[in-house]
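Trainee: As you go down the protein sequences, you meet chains A and B in turn. The opening position of the first sequence corresponds to residue 1 in my numbering, with each subsequent residue numbered one higher. The opening position of the second sequence corresponds to residue 1 in my numbering, with each subsequent residue numbered one higher.
Quick caveat, the hints were computed from the structure, so don't treat them as lab data. Check before you lean on any hint, since a few could be wrong.
Stated by the list, open to error - Among chain A residues calculated to face chain B with C-beta under 8 Å, some are:
{"hint": "1", "residue": "Pro39"}
{"hint": "2", "residue": "Leu99"}
{"hint": "3", "residue": "Phe101"}
To be verified - Below, simulated DSS-like cross-link-like pairs (lysine-lysine); rule was C-alpha separation at most 27 Å, straight line:
{"hint": "4", "chain 1": "B", "residue 1": "Lys20", "chain 2": "B", "residue 2": "Lys66"}
{"hint": "5", "chain 1": "B", "residue 1": "Lys20", "chain 2": "A", "residue 2": "Lys98"}
{"hint": "6", "chain 1": "A", "residue 1": "Lys67", "chain 2": "A", "residue 2": "Lys93"}
{"hint": "7", "chain 1": "B", "residue 1": "Lys64", "chain 2": "A", "residue 2": "Lys98"}
{"hint": "8", "chain 1": "A", "residue 1": "Lys98", "chain 2": "B", "residue 2": "Lys55"}
{"hint": "9", "chain 1": "A", "residue 1": "Lys67", "chain 2": "A", "residue 2": "Lys98"}
{"hint": "10", "chain 1": "A", "residue 1": "Lys56", "chain 2": "A", "residue 2": "Lys93"}
{"hint": "11", "chain 1": "A", "residue 1": "Lys70", "chain 2": "B", "residue 2": "Lys14"}
{"hint": "12", "chain 1": "A", "residue 1": "Lys56", "chain 2": "A", "residue 2": "Lys98"}
{"hint": "13", "chain 1": "B", "residue 1": "Lys66", "chain 2": "B", "residue 2": "Lys41"}
{"hint": "14", "chain 1": "A", "residue 1": "Lys93", "chain 2": "B", "residue 2": "Lys64"}
{"hint": "15", "chain 1": "A", "residue 1": "Lys98", "chain 2": "B", "residue 2": "Lys14"}
{"hint": "16", "chain 1": "A", "residue 1": "Lys36", "chain 2": "B", "residue 2": "Lys41"}
{"hint": "17", "chain 1": "B", "residue 1": "Lys14", "chain 2": "B", "residue 2": "Lys41"}
{"hint": "18", "chain 1": "B", "residue 1": "Lys55", "chain 2": "A", "residue 2": "Lys70"}
{"hint": "19", "chain 1": "A", "residue 1": "Lys93", "chain 2": "B", "residue 2": "Lys41"}
{"hint": "20", "chain 1": "A", "residue 1": "Lys93", "chain 2": "B", "residue 2": "Lys55"}
{"hint": "21", "chain 1": "A", "residue 1": "Lys98", "chain 2": "A", "residue 2": "Lys36"}
Said to hold, decoys possible - Just a sample of chain A residues kept apart from chain B, beta carbon distances all over 12 Å, derived:
{"hint": "22", "residue": "Gly15"}
{"hint": "23", "residue": "Leu45"}
{"hint": "24", "residue": "Ser84"}
{"hint": "25", "residue": "Lys92"}
Glycine is no exception: its CB is placed at the ideal position from the N, C-alpha and C atoms.
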Amino acid sequence: GEDVEQSLFLSVREGDSSVINCTYTDSSSTYLYWYKQEPGAGLQLLTYIFSNMDMKQDQRLTVLLNKKDKHLSLRIADTQTGDSAIYFCAEKKDSSYKLIFGSGTRLLVRP
Amino acid sequence: GAVVSQHPSWVICKSGTSVKIECRSLDFQATTMFWYRQFPKQSLMLMATSNEGSKATYEQGVEKDKFLINHASLTLSTLTVTSAHPEDSSFYICSARARTAGTSFYNEQFFGPGTRLTVL
Chain A
1 GEDVEQSLFL SVREGDSSVI NCTYTDSSST YLYWYKQEPG AGLQLLTYIF SNMDMKQDQR
61 LTVLLNKKDK HLSLRIADTQ TGDSAIYFCA EKKDSSYKLI FGSGTRLLVR P
Chain B
1 GAVVSQHPSW VICKSGTSVK IECRSLDFQA TTMFWYRQFP KQSLMLMATS NEGSKATYEQ
61 GVEKDKFLIN HASLTLSTLT VTSAHPEDSS FYICSARART AGTSFYNEQF FGPGTRLTVL
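Whenever a hint applies, use it, and build me the whole structure from the sequences.
Mentor: Set out below in structure tokens:
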């Protein structure tokens, strides 16, 4: 199957950490991505992780991958108002260049 | 680097007319370009995959005669919405897969800023 699911909405206070979750069903996925979309704009690649990794950290971003449970998360430390956006997770199978996107999580950061 | 542009960014047209949207990779060569459609508050749905010099591959349910794709060069792909109707109103986003090997761009997709189409 090719289902990627995310919770629709997350609200946090400025300075707190945000955790956005994603589940996928295809165990053959080899790359998993996090994209950010601001209103009226295209997608910005934030980070990605190979399926043989458990964790990847890049400045304020930490990606955790639980391959057994097919669960991916994105943690944003010290969340800022500029982080308010929609966050999409996406999976890509090695045999194809197609990206399968989740439904997106709208993150609202309150001052 | 790895910039993808789209033109126009916003277009309004009358029902029955055709609209062409351009997608350009500005600083890299793109072997493959992808066209997505996004409805308000929804995810991106892949419409078609476009390879330079060959016919596009359309996803199930996407009418190839309605959404004409041309990928004439390694830096340009166009999507033409023919005989547009109000239900074609949407946000159209392209992405490009870099061709260059040996760089961090290899095999990654880079997205354009999107084109908002409104059909009256």
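Trainee: If a hint holds in the structure, say so; if it does not, say that too.
Mentor: These are the hints, each one checked on the structure:
1. Taking 8 Å as the C-beta cut-off, the interface hint given for A:Pro39 is violated, the closest approach to chain B being about 11 Å.
2. This hint holds: A:Leu99 has a C-beta 6 Å from the nearest C-beta of chain B, less than the 8 Å allowed.
3. A hinted interface residue such as A:Phe101 counts as satisfied when its beta carbon comes closer than 8 Å to some beta carbon of chain B; here the least separation is about 5 Å, so the hint holds.
4. With a CA separation close to 12 Å, the supplied pair B:Lys20 and B:Lys66 stays within the 27 Å bound.
5. For the suggested pair B:Lys20 and A:Lys98, the alpha carbons sit about 23 Å apart, so the restraint of at most 27 Å is met.
6. At roughly 14 Å between alpha-carbon atoms, A:Lys67 and A:Lys93 fall within 27 Å of each other, so this suggested pair holds.
7. Under the criterion of a C-alpha separation no larger than 27 Å, the hint pairing B:Lys64 with A:Lys98 is consistent with the structure, at around 18 Å.
8. A distance of roughly 17 Å separates the Cα atoms of A:Lys98 and B:Lys55; the hinted pair therefore holds under the 27 Å criterion.
9. Using a Cα cut-off of 27 Å, the hinted pair A:Lys67 and A:Lys98 holds, with the two alpha carbons roughly 20 Å apart.
10. Between A:Lys56 and A:Lys93, the direct Cα distance comes to roughly 19 Å. Compliance with the 27 Å bound is thereby established for this hinted pair.
11. A distance of roughly 45 Å separates the Cα atoms of A:Lys70 and B:Lys14; the hinted pair therefore is violated under the 27 Å criterion.
12. Between A:Lys56 and A:Lys98 the alpha-carbon distance is near 23 Å, which keeps this suggested pair within the 27 Å criterion.
13. Using a Cα cut-off of 27 Å, the hinted pair B:Lys66 and B:Lys41 holds, with the two alpha carbons roughly 24 Å apart.
14. With a C-alpha separation of about 25 Å, the suggested pair A:Lys93 and B:Lys64 falls inside the 27 Å cut-off, and the hint holds.
15. Only pairs whose Cα atoms come within 27 Å are accepted, and A:Lys98 paired with B:Lys14 is rejected, the gap being roughly 33 Å.
16. Pair hint A:Lys36 plus B:Lys41 holds up; C-alpha atoms about 14 Å apart against a cutoff of 27 Å.
17. The suggested pairing of B:Lys14 with B:Lys41 holds, with an alpha-carbon distance near 24 Å, which does not exceed 27 Å.
18. Between B:Lys55 and A:Lys70 the CA atoms are separated by roughly 35 Å; this puts the pair beyond 27 Å, and the hint is violated.
19. Between A:Lys93 and B:Lys41 the CA atoms are separated by roughly 26 Å; this keeps the pair inside 27 Å, and the hint holds.
20. Between A:Lys93 and B:Lys55, the direct Cα distance comes to roughly 22 Å. Compliance with the 27 Å bound is thereby established for this hinted pair.
21. A hinted pair counts as satisfied when its Cα atoms are at most 27 Å apart, and A:Lys98 with A:Lys36 qualifies at roughly 18 Å.
22. Every C-beta of chain B lies more than 12 Å from that of A:Gly15, the closest at about 27 Å, which supports listing it as non-interface.
23. Taking the minimum C-beta to C-beta distance to chain B, about 7 Å, the non-interface status of A:Leu45 is violated against the 12 Å cut.
24. Every C-beta of chain B lies more than 12 Å from that of A:Ser84, the closest at about 15 Å, which supports listing it as non-interface.
25. Under the 12 Å C-beta cut-off, the non-interface status given to A:Lys92 relative to chain B is violated; the minimum distance is some 9 Å.
Hints 1, 11, 15, 18, 23, 25 from the earlier list are contradicted by this structure; the remaining hints agree with it.
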